[in-house]
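Undergrad: Listed below are the residues making up each chain.
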Amino acid sequence: MATSSRLDAKIPQGPLESKWSKYRSSVPLVNPANKRNLEIIVVGTGLAGASAAATLAELGYKVKAFCFQDSPRRAHSIAAQGGINAAKNYQNDGDSVYRLFYDTIKGGDYRAREANVHRLAEVSGNIIDQCVAAGVPFAREYGGLLSNRSFGGTQVQRTFYAAGQTGQQLLLGAYSGLQRQVGMGTVKMYNRHEMLDIVNIDGKCRGIIARNLITGELERHAGHAVLLCTGGYGNVFYLSTNAMGSNVTAAWKAHKRGAFFGNPCFTQIHPTCIPVSGEHQSKLTLMSESLRNDGRIWVPKKKDDNRPGNEIPEDERDYYLERRYPAFGNLVPRDIASRAAKERCDAGYGVGTSKLAVYLDFAAAVERYGRAEANKNNIHNASDADIITWGKAVVKEKYGNLFDMYKQITGEDPYEVPMRIYPAVHYTMGGLWVDYNLMTTVPGLYSLGEANFSDHGANRLGASALMQGLADGYFVIPYTIGAYLASEIRTGKISTDHEAFVKAEAEVKERIDTLLKIQGKTSPELFHRRLGKIMWEKCGMARNAEGLKEAIREIRQLRKDFWSDVKVMGTAGYFNPELDKANRVADFIELGELMCIDALDRNESCGGHFREEYQTEEGEALRDDENYMYVSAWEHKGVENWELHKEELIYDNIKIAQRSYK
Amino acid sequence: MRLSLKVWRQSNKEAAGGFEDYKLDNVSPDMSFLEMFDVLNEQLIEEGKEPVAFDHDCREGICGMCSMYINGRPHGPLRGVTTCQLHMRSFKDGDTIVVEPWRAQAFPVIKDLVVDRDAFDRVISAGGFISVNTGNAQDANSLPVPKEAADDAFAAAACIGCGACVAACKNASAMLFVSAKISQLALLPQGQAERSIRAEKMVAQMDAEGFGACTNTGACSAECPKEISLENIARMNREYIGAKFSSSAV
Numbered sequence: 001m002a003t004s005s006r007l008d009a010k011i012p013q014g015p016l017e018s019k020w021s022k023y024r025s026s027v028p029l030v031n032p033a034n035k036r037n038l039e040i041i042v043v044g045t046g047l048a049g050a051s052a053a054a055t056l057a058e059l060g061y062k063v064k065a066f067c068f069q070d071s072p073r074r075a076h077s078i079a080a081q082g083g084i085n086a087a088k089n090y091q092n093d094g095d096s097v098y099r100l101f102y103d104t105i106k107g108g109d110y111r112a113r114e115a116n117v118h119r120l121a122e123v124s125g126n127i128i129d130q131c132v133a134a135g136v137p138f139a140r141e142y143g144g145l146l147s148n149r150s151f152g153g154t155q156v157q158r159t160f161y162a163a164g165q166t167g168q169q170l171l172l173g174a175y176s177g178l179q180r181q182v183g184m185g186t187v188k189m190y191n192r193h194e195m196l197d198i199v200n201i202d203g204k205c206r207g208i209i210a211r212n213l214i215t216g217e218l219e220r221h222a223g224h225a226v227l228l229c230t231g232g233y234g235n236v237f238y239l240s241t242n243a244m245g246s247n248v249t250a251a252w253k254a255h256k257r258g259a260f261f262g263n264p265c266f267t268q269i270h271p272t273c274i275p276v277s278g279e280h281q282s283k284l285t286l287m288s289e290s291l292r293n294d295g296r297i298w299v300p301k302k303k304d305d306n307r308p309g310n311e312i313p314e315d316e317r318d319y320y321l322e323r324r325y326p327a328f329g330n331l332v333p334r335d336i337a338s339r340a341a342k343e344r345c346d347a348g349y350g351v352g353t354s355k356l357a358v359y360l361d362f363a364a365a366v367e368r369y370g371r372a373e374a375n376k377n378n379i380h381n382a383s384d385a386d387i388i389t390w391g392k393a394v395v396k397e398k399y400g401n402l403f404d405m406y407k408q409i410t411g412e413d414p415y416e417v418p419m420r421i422y423p424a425v426h427y428t429m430g431g432l433w434v435d436y437n438l439m440t441t442v443p444g445l446y447s448l449g450e451a452n453f454s455d456h457g458a459n460r461l462g463a464s465a466l467m468q469g470l471a472d473g474y475f476v477i478p479y480t481i482g483a484y485l486a487s488e489i490r491t492g493k494i495s496t497d498h499e500a501f502v503k504a505e506a507e508v509k510e511r512i513d514t515l516l517k518i519q520g521k522t523s524p525e526l527f528h529r530r531l532g533k534i535m536w537e538k539c540g541m542a543r544n545a546e547g548l549k550e551a552i553r554e555i556r557q558l559r560k561d562f563w564s565d566v567k568v569m570g571t572a573g574y575f576n577p578e579l580d581k582a583n584r585v586a587d588f589i590e591l592g593e594l595m596c597i598d599a600l601d602r603n604e605s606c607g608g609h610f611r612e613e614y615q616t617e618e619g620e621a622l623r624d625d626e627n628y629m630y631v632s633a634w635e636h637k638g639v640e641n642w643e644l645h646k647e648e649l650i651y652d653n654i655k656i657a658q659r660s661y662k
Numbered sequence: 001m002r003l004s005l006k007v008w009r010q011s012n013k014e015a016a017g018g019f020e021d022y023k024l025d026n027v028s029p030d031m032s033f034l035e036m037f038d039v040l041n042e043q044l045i046e047e048g049k050e051p052v053a054f055d056h057d058c059r060e061g062i063c064g065m066c067s068m069y070i071n072g073r074p075h076g077p078l079r080g081v082t083t084c085q086l087h088m089r090s091f092k093d094g095d096t097i098v099v100e101p102w103r104a105q106a107f108p109v110i111k112d113l114v115v116d117r118d119a120f121d122r123v124i125s126a127g128g129f130i131s132v133n134t135g136n137a138q139d140a141n142s143l144p145v146p147k148e149a150a151d152d153a154f155a156a157a158a159c160i161g162c163g164a165c166v167a168a169c170k171n172a173s174a175m176l177f178v179s180a181k182i183s184q185l186a187l188l189p190q191g192q193a194e195r196s197i198r199a200e201k202m203v204a205q206m207d208a209e210g211f212g213a214c215t216n217t218g219a220c221s222a223e224c225p226k227e228i229s230l231e232n233i234a235r236m237n238r239e240y241i242g243a244k245f246s247s248s249a250v
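Chains U and R, in that order, give the protein sequences.
Residue numbering for the first sequence follows this note's numbering, starting at 1 and increasing by one per position.
Residue numbering for the second sequence follows this note's numbering, starting at 1 and increasing by one per position.
Just chain U, with the same shape it has in the complex (with noise of 0.2 angstroms):
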């Protein structure tokens, strides 16, 4: 296989190990008076866009920044839980950069790009440094220096924290940043503003039409680049661990006006989150990673087996990962962790009322925390009911805001019965296609942090994400952007008169017109619904090439359903939040049936994609590195209509195995 000649990763020549810092002392720089004159657009306030945002107005670009939001520190990122991981090797437990790289590799399944890995191996640790000095409260040891722990997938302690809110102090820090930014004039904040179309200029991206959500006014906005740090597109699923605005809408239009799509059907199902607990219900709720450090899952070994989790007892419980996978037990990586759940779950041996749920138990670790506060205290004495009070208070300090959430929505206290778990949405690792530079396949438009594809193969691992967005945007873009905007500084001052803005304006309207003017029957929320019920049974955990011709089938009748029923009330010139869900559940659905067409292409499993008709005697993912090593990297043609380009994965530095974690 080679690589489509209408992709070039721009991957940087050279040894593994040198090409960043060779590429960073070789491209090229604008000088500040140049910097002053270029504008540059950040669609999206999350991880990546905050510090991207931030950083590029520090080095002297003008900026503006978008978000939907009512304030920038309200993007999803907030509600990371777990960790970020850093090669510091803090812990002298053994790590480095190389190793966080090939963790980062095999936990991806071997489908990501090796330099691009490498490179965020090589920043992680500047990134601590920097959320340190910008008074991130990450927690500590009584010696005042940095505590971490383990995450899936791994077999060091390199995961930084702050309990179980490390996403909100990390954004909190990033937002603090941008803020000052803002307060100088160097940043121009945009809340409650959707981008809803970017505008192309002789092939090069040179702007967006946003609207603003309060007032439904439609703006042109022009810059010399556009990021797109716009998050993932879980919300296809309709339940997932998403913020309820969270969705594809930016990365749909740039799709739609020349990005390649890469790897759509690349999803993450998250292990432990809150299991669905009826009808109504609006979203999922994640239970951290993290918890799998200190919590054992388990099944009960008989079938339908209704007694309470803590009634059953020990020589009676299934603990279906520490046997399966003995060498990393309850913390191997999060696909794994997904489909044993459900194995179990098909198998019958599920718990509660839905029986689709399995237990997180922490009554080993209450045990064992309690005995070792005895120890340090010296009570060589104490009673099992003293041990088991310590041991909870040690678990409240680690996990005590998971623990209440838990308590607050399923109204059963984890303190005193095992948690009840099944798998989620919870993260795309499909996304636009970008090169080294973080560049798409439109010239001027980047993608940065959970839009693009890069940097997590067909699986991300636990405390990866938080690291990629910050490091796309303190230390990547503000180098890569150079090699571009260089060439752009006799461009001058980009006009939104030009016709290709009020073009892509006039679109605009006509596409929220339509909407309005359909008046059916059927709310956004419902074909929000329907969508998700398809791509959850069919393009879900577990897909097979009969399921996903029936579900492509499916959408494209939703699609014309929608555009011929869908129910949008009020108008378009006022705060109207039931117009704004109709333009992203339009976008929703469009991607549906790209992420079947994907799945459907790929004859293999590998990673968080599991295809019935590829796996081993014991149930494993069967890849397929002789025919799809390879990045799917989609051209939107028309409708229903995509053409697929392949980016050959190279490994030169790994050698590719099958994953295994036993």
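Hints may contain errors.
Stated by the list, open to error - Among chain R residues calculated to face chain U with C-beta under 10 angstroms, some are:
id: 1; residue: SER4
id: 2; residue: ASP21
id: 3; residue: MET36
id: 4; residue: ASP38
id: 5; residue: ILE45
id: 6; residue: GLY61
id: 7; residue: LYS111
id: 8; residue: ASP118
id: 9; residue: ALA150
id: 10; residue: ASP151
id: 11; residue: ALA157
id: 12; residue: ALA158
id: 13; residue: THR217
Unchecked claim - Okay, the calculated beta carbon distance ranges per label pair:
id: 14; chain 1: U; residue 1: GLY278; chain 2: R; residue 2: SER246; range: 22 to 28 angstroms
id: 15; chain 1: U; residue 1: ASP513; chain 2: R; residue 2: ALA16; range: 27 to 33 angstroms
id: 16; chain 1: U; residue 1: ASP202; chain 2: R; residue 2: ALA15; range: 44 to 50 angstroms
Said to hold, decoys possible - Distance condition first, Cα-Cα at most 20 angstroms in a straight line; then the derived PhoX-like pairs of lysine-lysine:
id: 17; chain 1: U; residue 1: LYS204; chain 2: U; residue 2: LYS637
id: 18; chain 1: U; residue 1: LYS256; chain 2: U; residue 2: LYS503
id: 19; chain 1: U; residue 1: LYS521; chain 2: R; residue 2: LYS49
id: 20; chain 1: U; residue 1: LYS517; chain 2: R; residue 2: LYS49
id: 21; chain 1: U; residue 1: LYS301; chain 2: U; residue 2: LYS376
id: 22; chain 1: U; residue 1: LYS204; chain 2: U; residue 2: LYS503
id: 23; chain 1: U; residue 1: LYS301; chain 2: U; residue 2: LYS10
id: 24; chain 1: U; residue 1: LYS35; chain 2: U; residue 2: LYS301
id: 25; chain 1: U; residue 1: LYS10; chain 2: U; residue 2: LYS35
id: 26; chain 1: U; residue 1: LYS35; chain 2: U; residue 2: LYS493
id: 27; chain 1: U; residue 1: LYS521; chain 2: U; residue 2: LYS493
id: 28; chain 1: U; residue 1: LYS62; chain 2: U; residue 2: LYS188
id: 29; chain 1: U; residue 1: LYS567; chain 2: R; residue 2: LYS49
id: 30; chain 1: U; residue 1: LYS398; chain 2: R; residue 2: LYS147
id: 31; chain 1: R; residue 1: LYS92; chain 2: R; residue 2: LYS23
id: 32; chain 1: U; residue 1: LYS396; chain 2: R; residue 2: LYS147
id: 33; chain 1: R; residue 1: LYS49; chain 2: U; residue 2: LYS581
id: 34; chain 1: U; residue 1: LYS376; chain 2: R; residue 2: LYS147
id: 35; chain 1: U; residue 1: LYS392; chain 2: U; residue 2: LYS407
No lab work stands behind these hints, which were simulated from the structure alone.
The model shown is predicted, which means the values in this text are computed figures rather than measured ones.
Even glycine gets a Cβ: it sits at the ideal position worked out from N, Cα and C.
We have chain U already, so just place chain R on it with the hints.
TA: Chain R alone, transformed into the frame defined by chain U:
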């Protein structure tokens, strides 16, 4: 469950608003408060009426977007819980529930239950940061922070910026929000260089936004979904007075 709702409806910032009554017949105790509003909105759309606008996003209690004033209390009856994490099992069959937006001069209503909280962003812009450009940082472990200081800073930094403190306060004071950020940064060694100027600038901006004064009733902390402690306000007062003695920058 069957519920009666009295919901504040207001079409825009300038328009006069008023309560509308709605009835819901089929509410599950396992629904979150916002999911109950989803059901209400679907019902309104069925009836051809415009749905109620309300802010919400993560629905897991961390983004700070949701902002309903429920039966006279921000985020409703439970302690330490946001509206999105409030479940209908906290109410009784047949209850009448009154829902209003945050009420404060500095938070104008945009529509129905949605308010404009940009004032908070401007307060942060005034000084709620450490001035460190990307790339300037030293190795993270070269600066030990005593665990207690780190824990206290984290507890202050857990503020989600929802504005419940302002809504709870009879003076619509933002002292708890502002003090949480000032405390976080004052407790950490990294925040020392700008400690005085930060307190002065953030307080000046807070006043300029039209938030009221603090009269130490403590309603803010009692209603805060993240239970941010009143100690932060005491610390902020010390920081501010100390800054005023030593500088005249603002």
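Undergrad: Against this structure, judge whether each hint is valid.
TA: Here's how the hints hold up against the structure:
no.	hint	in the structure
1	SER4	violated (19 angstroms)
2	ASP21	violated (19 angstroms)
3	MET36	holds (8 angstroms)
4	ASP38	holds (6 angstroms)
5	ILE45	holds (5 angstroms)
6	GLY61	holds (6 angstroms)
7	LYS111	holds (4 angstroms)
8	ASP118	holds (7 angstroms)
9	ALA150	holds (4 angstroms)
10	ASP151	holds (8 angstroms)
11	ALA157	holds (5 angstroms)
12	ALA158	holds (6 angstroms)
13	THR217	violated (26 angstroms)
14	U:GLY278 x R:SER246: 22 to 28 angstroms	violated (59 angstroms)
15	U:ASP513 x R:ALA16: 27 to 33 angstroms	holds (30 angstroms)
16	U:ASP202 x R:ALA15: 44 to 50 angstroms	holds (46 angstroms)
17	U:LYS204 x U:LYS637	holds (18 angstroms)
18	U:LYS256 x U:LYS503	holds (15 angstroms)
19	U:LYS521 x R:LYS49	holds (13 angstroms)
20	U:LYS517 x R:LYS49	holds (16 angstroms)
21	U:LYS301 x U:LYS376	violated (37 angstroms)
22	U:LYS204 x U:LYS503	holds (16 angstroms)
23	U:LYS301 x U:LYS10	violated (53 angstroms)
24	U:LYS35 x U:LYS301	violated (65 angstroms)
25	U:LYS10 x U:LYS35	violated (24 angstroms)
26	U:LYS35 x U:LYS493	holds (12 angstroms)
27	U:LYS521 x U:LYS493	violated (46 angstroms)
28	U:LYS62 x U:LYS188	holds (8 angstroms)
29	U:LYS567 x R:LYS49	holds (12 angstroms)
30	U:LYS398 x R:LYS147	holds (14 angstroms)
31	R:LYS92 x R:LYS23	holds (14 angstroms)
32	U:LYS396 x R:LYS147	holds (17 angstroms)
33	R:LYS49 x U:LYS581	holds (17 angstroms)
34	U:LYS376 x R:LYS147	holds (18 angstroms)
35	U:LYS392 x U:LYS407	holds (15 angstroms)
The structure fails to meet hints 1, 2, 13, 14, 21, 23, 24, 25, 27 from the earlier list, while all remaining hints are met.
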